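Participant: Spelled out, the chains give:
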Amino acid sequence: MLTIATGNKAVAAAVKEVKPSVVAAYPITPQTEIVETIADYVDAGTLSAAYIPVESEHSAMAACIGASITGVRTFTATSSHGLLYMHEMVNWAAAARLPIVMANVNRALGPGWNIWAEHTDSLQERDTGWLQVYVSTVQEAFDTTMMAFRIAEDERVLLPVMVNLDGFTLSHTFQSLETVIPGDYLPPISLPHAIDVEKPCGYGPMTGPDDYFRFRWDIERSMRDSGAVINEAQRIFAEKFKRSYGMTEEYRCEDAEVLVIAMGTLGKEAEVAVDVLRNEGIKAGSLRIRWFRPFPDLDIRGRDVVVIDRDYSFGFGGILADSIRARYSCSVSSVIAGLGGQEVTYNDIAAFVRDRKPGTEHWFGVKA
Amino acid sequence: MTEIPTQEFLRKCSTACAGCGAVLGLRYVLKAAGPDTVLVVPACCTSVMQGIYPNTAFGVPVFNVAFASAAATASGMSAAFRSMGRQTNVIAYGGDGGTVDIGIQALSGALERETDFLYICYDNEAYGNTGMQRSGSTPRGARTTTTPGGKTHSKKDLDRIVAAHNIPYMATACSAYPQDLFKKVRKALSIRGPTFIHILAPCPPGWRYSSEKTVEMGKLAVKTGIWVLYEREYDTLSINAASKAARKKPLALEEYLKPQGRFKGLDEKALTDLRQSMERNWRNLEQEVAGPC
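Line order of the protein sequences matches chains G and P.
For the first sequence, position 62 (counting from the first letter as 1) is numbered 62 according to our numbering, and the numbering increases by one without interruption.
For the second sequence, position 255 (counting from the first letter as 1) is numbered 623 according to our numbering, and the numbering increases by one without interruption.
The shape of chain P in the complex, shown without the other chains (with noise of 0.2 Å):
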């Protein structure tokens, strides 16, 4: 068992609505990096769960900052630093709408430059701050209040887009396994140049299951294979020990769907795009493993 820091960054004052995924997540984002940390945050969950001025729920200082401009402020911030000679940890912590949507070309241009930083993308599939929105990243068939009837388009593939940039390292994570998350932003802030984590973090108001249920949520989306929790290291792809477990023996994709009332109503077209693209997504990572034949 990796030895995880009694040492709290997250104070009881965070104002995140109970059992939030993304606030359970950030902890141990904020063990793994310790006291040399500056996080940047757009507009996001985040600008909200901090705390309201003059108050802080966080141990670190946060930067908070427009909604598309997380990554660009990181760059600016992470070549200060560095101009210094210091090592201070730059990590933006951003949602999935300030990630695959208003901000990725933002985030595209710092992978690109190299920027030394990390970038967190914590995933609740919607606009959270706002209501719960539809995302790129909000899968096929859920409810939000944009697409009440359903979403008709797939997840945007954010961790292809982020592969295709070829960085030294690049994870899934999940905030129901806090210490596969742990070992990942450790592992992210040992290297030098851009790293990447993508955190599925449950939502209970967003997905609309009872707030004690989060970690089993996220435990269920990765026992039935929706989630898979992988790192790639450049060009080295490894799933990890509980998706490869999952992939030989998964539980069925309704037993992750059911307790959400996001998805009720689903129908069966849609929930076959769930499967087919859930099918694909284990497709490519599968034959990238394998090498090319």
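Isolated chain G (complex conformation) (with noise of 0.2 Å):
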């Protein structure tokens, strides 16, 4: 069905299709609006799940872990404060091999109070084990939140998928889009260590370092397996709804000298600073990651690079630059840029290319 939505609809409008069992969720801006539109959808009876409307992020991370456990498909979103609030219970999703999805609409942290983008929010939980990917637009905000579902609880992943939207730029903006029913693209659910009384297990009991040192290792091969997944995923995606999306979005990159390197809507955003560079001929191209975890392989071999973070380090760097650092062991042109929401526009992003300085960092609209 053709429509216009926000990105927080477009990701209900997919949660409502793919059907989970269990949906627990804390109200925090910029997300509630996801959440609102699922309590919507069940008091309506067109979404069939228990809506839990818990007292906390940490309850609601904590009741899609018992709801998920029991081999249920389930469903939660959050934001911010609400993520950082949850910290404990993400790692324990991901650590107990559970597909649980949760869209995170990034959002600035406070002090000072900030409700505007900012994806320092989501990289804070970077190493949890939870895979990570960042849209752009509401219909890739819809498309990837129905492909989460698949890949999460793909036997060779089962691990949670977190999908990171732009606060207010794409979770309150209208776009067209098209919706899809999952179909045979989404398999039932069917989770191998499901909780099962005939067969009484432990979960999660004391461990040893060396079962424990093993399940770790558990974790890693199967985030390494998921890239595989995630790919196949999109694949099928692509020939069944005819939308195509990867690890990483590419625009005008093969013969490009320099390349712009960004997360969520900057990303996009980066896309019209290339053509007005390529305008005044220069070879830019913009190389957005989609997926952080795993992170993706990158082509940027003989090019200078220009990375944008929208999140920072404290006493180190942009999180994005120092990971494309270490990865690629280059020199990148860094560039902090949006924290807090600061508006960057594409004539911004085009003059990061112009002014880059390989092997420094610039605080956009910071005086040296």
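Because the hints were derived from the structure by calculation, they are not lab data.
Being a predicted model, the structure only gives us computed values, none of them experimental.
Okay, derived cross-link-like pairs now, DSS-like style, lysine-lysine, Cα gap no bigger than 27 Å in a straight line:
#: 1; chain 1: P; residue 1: Lys-551; chain 2: P; residue 2: Lys-616
#: 2; chain 1: P; residue 1: Lys-399; chain 2: P; residue 2: Lys-587
#: 3; chain 1: G; residue 1: Lys-199; chain 2: P; residue 2: Lys-399
#: 4; chain 1: P; residue 1: Lys-551; chain 2: P; residue 2: Lys-581
#: 5; chain 1: P; residue 1: Lys-555; chain 2: P; residue 2: Lys-524
#: 6; chain 1: G; residue 1: Lys-199; chain 2: P; residue 2: Lys-380
#: 7; chain 1: G; residue 1: Lys-283; chain 2: G; residue 2: Lys-357
#: 8; chain 1: P; residue 1: Lys-555; chain 2: G; residue 2: Lys-199
#: 9; chain 1: P; residue 1: Lys-591; chain 2: P; residue 2: Lys-616
Since each chain comes alone in its own frame, lean on the hints to assemble the complex.
Facilitator: So, in structure tokens, the structure goes:
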């Protein structure tokens, strides 16, 4: 069905189509519209799910964990402080190997109170064992949420997936949306370690170093295997629904001499900047990171790289820039921009490229 | 006499301490609940006494979760089972720290949302698993590793907090009264919606008495009246026979306190406070039984 919707509504619409049995959530701006919409679906009977209006995000993730281990499909959504409040259970969900899907609407952290887009919230969860994907359009939010369930529930993965969308710039922005019904794209969930009272086991008991170490390696092995599963899920999605996604989205990269690397809506904005730069004769391309965990293979050899971080690790650097430097031993022009919803236009991004200085870090808008 | 099944759901390989009141209670909880049961266990002594991976001492599935999250996890689990049309018992079994302190928010939320589950707090009156630090449930005057001079605050009244949620059924129990505990678990599990049982679980290393005296210690708690056995169905409170008898002819409180090393050197003021809070508890309960005057 063709319609127009916000990013939040698109996520909720996708959740309706994948039919989770349990949704547990707590309100937080700018995510609330997702769970309000799901509550409406449940109330109207268009989604037959148990909606658990928990008293905190810690409990939201705990309730999803308790539901998921019985073998049913579960979903929650959060943002910013909510995500940080559930941090302990975010770790627990991954180590318990539960295919929970969560939408996180990226938002800055206080103080001061700021409800606008920033990626530092989800990037603080990067080491938890969750797959992380960052979307840039309303359609992509819908499609990726649907894919996330297939990927998480795949026996080769069995790890939770976090779908990230920028607060307001995407969560509250209307764009056209074509909703689809997953049908056999999403097979019924079958959790191999679901609780079975006929075969009573202990889940997560005291575990000695050798077994614990093996369980950690199992998480990493699945994380590595998940790349192929993601590509397969995206390929079959393209065949079925005629929309194509990759680990990254490349725009005019083939002959590019300089690449802009960013995530979320800034990565989409960068495509316009690339057109501006190309008109000036600068051979630029945009390489938007969709999947941050597992981290994608990037073809950046022999090119200048401008990395825009809408996040920061204090005392070290932009998290995306550092990831690329560490993985590829390359020199990048690091730009810190968009924190707390700072406006960054395509003209600004074009200027980042023109003014790039490899090996430096530039805080946009801050006078040196 | 209630017929208690001979089937055991607690195996002999439990790694509980000798004389553990919590594991004794759990044995009867599981006998009452039967095989179609899942235990949800936060960080507590029960995380330890179930055994070490890959072994389990429990004959029902046990799902371990983070400290504050037992009631919330049980909420999700119950909703999931019910969505499948299954009536599997979901029992959260948490210690006093995980209930009255770090887990109370999740417990309150789950009760308020009328979750169909049984929450059991086994109360050994301190953080036992980590080596007996004071909890909100430690009684005034008791020495713990973080109150070496005796606790200077009163025991939090968990039962009145739970009662404020107006749930269908709640009860107190004690590991030393297994028949009573068994009946209460059966009753709780026969009711749809949130139910709650608060078990006093004497703890030899924490309370500092020798391990063969756990049952004796539990009986002394009831016979002195510092622990009252009762049940409440919505607004109707009934004090159980053992406690009614104790109220009529109580043993001196000192008989309960003296054998416990944790109360060694208890001063007069703390003793008076303990007596007063015991009396206040009785008055509250008796007033509730009598109804509005």
